[in-house]
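Residue strings, one per chain:
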Amino acid sequence: MIEEKFKSVIIWIGCVLLVVFCLTPFLYMILISLSSSPDFLTKLGQIEFSFKNYYSVLSSKSLHFIDYLRNSLIISAASAFFCVIIAGLGAYSITRLALPGKMLILFFVLAVSMFPQISLVGYLFKFMSSIGWINTYFALIFPYVAWILPLSLWILVSYFAQIPRDLDKAALIDGCTGWQILRKVIFPVAAPGIFSVSLLSFIFAFNEFMFALMLTIDYHSRTIPVGIALFQGLHGEIPWGNIMAGSAIAVIPVVLLTIIFQSYIIQGLTRGSIKG
Amino acid sequence: MNLRLVELTKRFFSKHGSILAVNDVNLEIDSGEFFVLLGPSGCGKSTMLNLIAGLEKPTRGEIWFDETLVASASRRVFLPPKERNVAMVFQSYALYPHLTVFENIAFPLRIRRTKEQLIKESVQRVASMLAISELLDRKPAGLSGGQRQRVAIARAIVRKPNIFLLDEPLSNLDAQLRASTRGELKNLQRNLGVTTIYVTHDQIEAMGLGDRIAVLKDGRIVQIGTPDELYENPVNPFVAKFIGSPPMNLFKASINYDKGSFFITVGNKKIKLPDNKAERIMSLKSKDCLIGIRPEHIYINPSGAEETLKGKITSIEPLGKDVLLHISIGENKFTAITPKMRFEEYEIVNVGFDPERIHVFEIQD
Numbered sequence: 267m268i269e270e271k272f273k274s275v276i277i278w279i280g281c282v283l284l285v286v287f288c289l290t291p292f293l294y295m296i297l298i299s300l301s302s303s304p305d306f307l308t309k310l311g312q313i314e315f316s317f318k319n320y321y322s323v324l325s326s327k328s329l330h331f332i333d334y335l336r337n338s339l340i341i342s343a344a345s346a347f348f349c350v351i352i353a354g355l356g357a358y359s360i361t362r363l364a365l366p367g368k369m370l371i372l373f374f375v376l377a378v379s380m381f382p383q384i385s386l387v388g389y390l391f392k393f394m395s396s397i398g399w400i401n402t403y404f405a406l407i408f409p410y411v412a413w414i415l416p417l418s419l420w421i422l423v424s425y426f427a428q429i430p431r432d433l434d435k436a437a438l439i440d441g442c443t444g445w446q447i448l449r450k451v452i453f454p455v456a457a458p459g460i461f462s463v464s465l466l467s468f469i470f471a472f473n474e475f476m477f478a479l480m481l482t483i484d485y486h487s488r489t490i491p492v493g494i495a496l497f498q499g500l501h502g503e504i505p506w507g508n509i510m511a512g513s514a515i516a517v518i519p520v521v522l523l524t525i526i527f528q529s530y531i532i533q534g535l536t537r538g539s540i541k542g
Numbered sequence: 174m175n176l177r178l179v180e181l182t183k184r185f186f187s188k189h190g191s192i193l194a195v196n197d198v199n200l201e202i203d204s205g206e207f208f209v210l211l212g213p214s215g216c217g218k219s220t221m222l223n224l225i226a227g228l229e230k231p232t233r234g235e236i237w238f239d240e241t242l243v244a245s246a247s248r249r250v251f252l253p254p255k256e257r258n259v260a261m262v263f264q265s266y267a268l269y270p271h272l273t274v275f276e277n278i279a280f281p282l283r284i285r286r287t288k289e290q291l292i293k294e295s296v297q298r299v300a301s302m303l304a305i306s307e308l309l310d311r312k313p314a315g316l317s318g319g320q321r322q323r324v325a326i327a328r329a330i331v332r333k334p335n336i337f338l339l340d341e342p343l344s345n346l347d348a349q350l351r352a353s354t355r356g357e358l359k360n361l362q363r364n365l366g367v368t369t370i371y372v373t374h375d376q377i378e379a380m381g382l383g384d385r386i387a388v389l390k391d392g393r394i395v396q397i398g399t400p401d402e403l404y405e406n407p408v409n410p411f412v413a414k415f416i417g418s419p420p421m422n423l424f425k426a427s428i429n430y431d432k433g434s435f436f437i438t439v440g441n442k443k444i445k446l447p448d449n450k451a452e453r454i455m456s457l458k459s460k461d462c463l464i465g466i467r468p469e470h471i472y473i474n475p476s477g478a479e480e481t482l483k484g485k486i487t488s489i490e491p492l493g494k495d496v497l498l499h500i501s502i503g504e505n506k507f508t509a510i511t512p513k514m515r516f517e518e519y520e521i522v523n524v525g526f527d528p529e530r531i532h533v534f535e536i537q538d
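Keeping their order, the protein sequence lines are chains A and B.
The numbers in the first sequence follow the working numbering, run straight up by one, and end at 542.
The numbers in the second sequence follow the working numbering, run straight up by one, and end at 538.
For reference, chain B alone in the conformation it holds in the complex (with noise of 0.2 angstroms):
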């Protein structure tokens, strides 16, 4: 099912005034997607969740199921959750704690009347899917937090929804369940090809399971992209910042024109820009900006022929396979990810930027 929000706002009133959770969405989501609503935490997206499943009213704008309109503030129009037929998995995975699991799965499926038959067939496939066949007579209090969160998974994939709607579901989890349940929840969507929205504030997550990321920030969308879009071209520092991990390297520099190139000074050396940024370059307000360059695109004591700037190493991590160091040059500090070599705290090593991967930013307040 296709999803469509037009001009989506919400706004929550208070006592101590009021605070516009969604600001003016345009969003289109196609049938079968995957779609990660990515941002920290207080962006809205939670809240952008709850309007798609009729959680809350929208203060303004529509929300268009395929060519059903299912909200709408000035046609006075609010489908019911039963009536969306959406599904949810919460961050506190919402178990009944009074029923036991297969209760828990059959229970929207009791709600619409289905018939008994159906009911044992209906939860026994899912639970065998989500191999959880053992503990359709425990309790929810009997289950580990990654058999909780299997439950509430079979719970909402048991009635075929329309649309998938996952609220930070794997956040509960430890480091190493999370991953392990990140593949088969991508593959169980596969399969199952619903329309999913996914929520989350983890960028890992969001690159490894979305087809397509929007990135929210203050109610808005800053961008939205196929992972790959938002690595490589980020729109601004805030994205920039937020995918990739460790952070992009962010620092203020005054770009010069010279010799038919543009070039920013680092420390004591000129850094020439790549081509290809020139328009971009040109559409800036001031020459001050921005400059982003990814850790893993910082090269330590590089063997060709680029120009290189002294730096020091304020401290050394290291990742396994690969070491993270923190370098100062001159005032401006930057993270590298470099392969494994032997090296010393203070020690002073040539740095080179890979000039293609350099990105250009407006300097925003």
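The shape of chain A in the complex, shown without the other chains (with noise of 0.2 angstroms):
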């Protein structure tokens, strides 16, 4: 009995303080956002609460922040689209066709993702500057699925093969063509792992920063991060109320999505098909 309650508070002091730990910046961060004064290393006594800072960075035409939210949701929705059709169509074959050595391309895809993405960006610069993609969604997208894929492909082969071959089967019987299978029963039951990877995608894509830095020029396509990123530069200050106010826009979209998500991320939707 005691030795359980000396558990249960020892693992409750652990998650609180692996809470606070994660949690401090992102306050810290809100709390600036809210100051009429902000800056870095403000006294926490010392804040006057305002919504100045958000409506600032909301209306300033000059600062462009709706342009750049507009175009990391594009970016990180389309990225994530491209990504779950691709990694699903590569995780359904893998798992499900005769194919010779099919373990070798999935380390092969793996040993392809381990490369650093700044051994890329120079190649990449080049290559988008001569097709004359530079400054467009495309010039972030492609390289966003392509940099997401190994990963994605990982997951949905994990989810796939455990999806019972007697369901194929039964479809197949049933009258489904392949295609009819993959849309019909293979992804519906596959939803938490197509969920996660779209999820996981979406934050990826969203988050980037350095082949947006790279092969962006303004806000035509400019994403989030490097937006924020740039505001000092704009003013000759380091503006941090802006910065953090659009930080704690930015994060919204994100913890909506996870908020959203979540709920659909559980294990056991295949529980029912087979045998109890």
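These aren't lab readings, by the way, just hints derived from the structure by calculation.
Beta carbons: idealized from backbone N, C-alpha and C, even for Gly.
Just to be clear, a hint being listed does not mean it is correct.
[To be verified] One side of the interface only, derived from the structure: several residues of chain A facing chain B at Cβ under 8 angstroms:
#1 Ala344
#2 Pro430
#3 Asp432
#4 Lys435
#5 Ala436
#6 Asp440
#7 Gly441
#8 Cys442
#9 Gln446
#10 Ile447
#11 Val451
#12 Val455
#13 Met480
With the hints as a guide, bring both chains together as one complex.
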């Protein structure tokens, strides 16, 4: 009994420490964004609350914050969409077709994903400028899809591999074509996996900084992380209030998505298809 | 629909060589027949089902549905399952977990773009036939094993298939449910009149359900016949052991000829073999053979005048009405089923064989 209590106390302390450790910078960001005279290392007691930073970020045309936000949302959504489609097809063929050397393909994909981003960005810049895609959405969507694909493929392969083959057979006998099996059976049954991959891809693309910095020029295609980082260049001083308010707003879509999708990302959806 | 398999062969290739799963099978199944494929695991019975369903391509041979060639390796004909209109029930049921029971049953109709009104009617018809009408809104996860099984059967029969394939559909049910479902399944098949192929490793299911049974071993058909034929006249010790529970007693003996009759020696007694076995005995390659006798054809302390042997009871298993005795006679061990009486372990009893029921087999490696 005492041991049980002790255990739960330890677990509680651990959790609280972890949460405090992770959330303190976030809370600090929110606090500063709400301060009327923001500075990086303001003493907490001296903060006067106001929404003026939010107002200025959202209303000031020269900051282009709304443009950045729109670009980010479009680019991230498109990347996530293509990523799921391509990874889904790939995972289906790897788990269901008699491909010779499919493990080799899987490991090759993993190996490719190990390249550091910085080693690719120089070539990528030359390539994108030579085909005239610099400062377009495509310049970011393509490398994002390629960059996120290996992880997505691995996640979906593990999900698809868990789906019993009897379901494929049943669908085949019920008259499905290969496409219909994928669309009507595999994808819905692997929904938790599909949602996790979409969410992960979205967050990866939403947070990415280096490609976005190198391959965009202005607000026509620049994404939020780069946009916020370059706030300072516009004014000569570091506008902490705007930076913090911008960051706080930028967090909203990701948090919302996570809250919406987390109820879908539950394991055990396959329960009941196969003997209990 | 009549089904014909001609020299059907399936070989699987893997890194470690190849496996002959189905080996030169010739078989004709009549329209409306309930046909059972019976064999131990790994005998190729499920592969045969998959070949008929169109889930596997044959390595050699042909499959005919009536006058339609549905698969032929040499003529490069292969109709996908969709065009064969077969339905299958899996051991694992393979229900679609994301769909309700209604949608599970409707699935094959939706794929065929059936009209909504007709889908509704068909689903409700089979659901009431299988007594699952009140489950239509549930998801498979919320059903018991027996209910899932019914949904799987409903999904299979909803589109009026040419051939109904069942791959060990009862083996995940508990014993009681299995027995009752067996009866229902047989009635259902009679009412629908669909040619049915049923795969099982359980001889009780096979005997209870099948109009005819094919016993398979290592990808080959060992014997085809009605349940009675297999029980009365097994062609070899494998079938003899596989059909009947508890299995037939088999022991080695040598046959002697004396005064116009054949005899075997068990213990130190001579037992005369029936005259109608003479032809069989003459065809044996050597006089050493395997003798088979079913437990239910061994009599303990018989009142008649026939020859008896002395045997020692080594253990006793009560079966309710009857009792199963393990008896040793000399070096041979037998099981016998006999009406319940008071027996003691290590008791010496008189054992009589029904000579008409003795089977003679060639010794196999």
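Verification of the hints:
Interface hint at Ala344/A: violated, since its Cβ lies 26 angstroms from the closest Cβ of chain B, which is beyond the 8 angstroms cut-off. Because the beta carbon of Pro430/A sits about 6 angstroms from the nearest beta carbon in chain B, less than 8 angstroms, this interface hint is met. Nearest Cβ of chain B to the Cβ of Asp432/A: about 4 angstroms, under the 8 angstroms cut. The hint holds. This hint holds: Lys435/A has a C-beta 6 angstroms from the nearest C-beta of chain B, less than the 8 angstroms allowed.
The interface hint given for Ala436/A holds, since its Cβ lies 4 angstroms from the closest Cβ of chain B, which is under the 8 angstroms cut-off. With a cut of 8 angstroms, the hint placing Asp440/A at the interface with chain B holds, because the nearest CB-to-CB distance is about 4 angstroms. Taking 8 angstroms as the C-beta cut-off, the interface hint given for Gly441/A holds, the closest approach to chain B being about 4 angstroms. Checking Cys442/A against chain B: minimum C-beta separation of about 6 angstroms stays under 8 angstroms; hint holds.
Taking 8 angstroms as the C-beta cut-off, the interface hint given for Gln446/A holds, the closest approach to chain B being about 7 angstroms. Evaluation of the Ile447/A hint against chain B yields a violated restraint, the C-beta minimum of about 10 angstroms exceeding 8 angstroms. For Val451/A, the suggested interface contact is upheld, since its CB lies about 6 angstroms from the closest CB of chain B, less than 8 angstroms. The beta carbon of Val455/A comes within 6 angstroms of a beta carbon in chain B, closer than 8 angstroms, and the hint placing it at the interface holds.
For Met480/A, the interface hint is violated, the least distance from its beta-carbon to any beta-carbon of chain B being 42 angstroms, above 8 angstroms.
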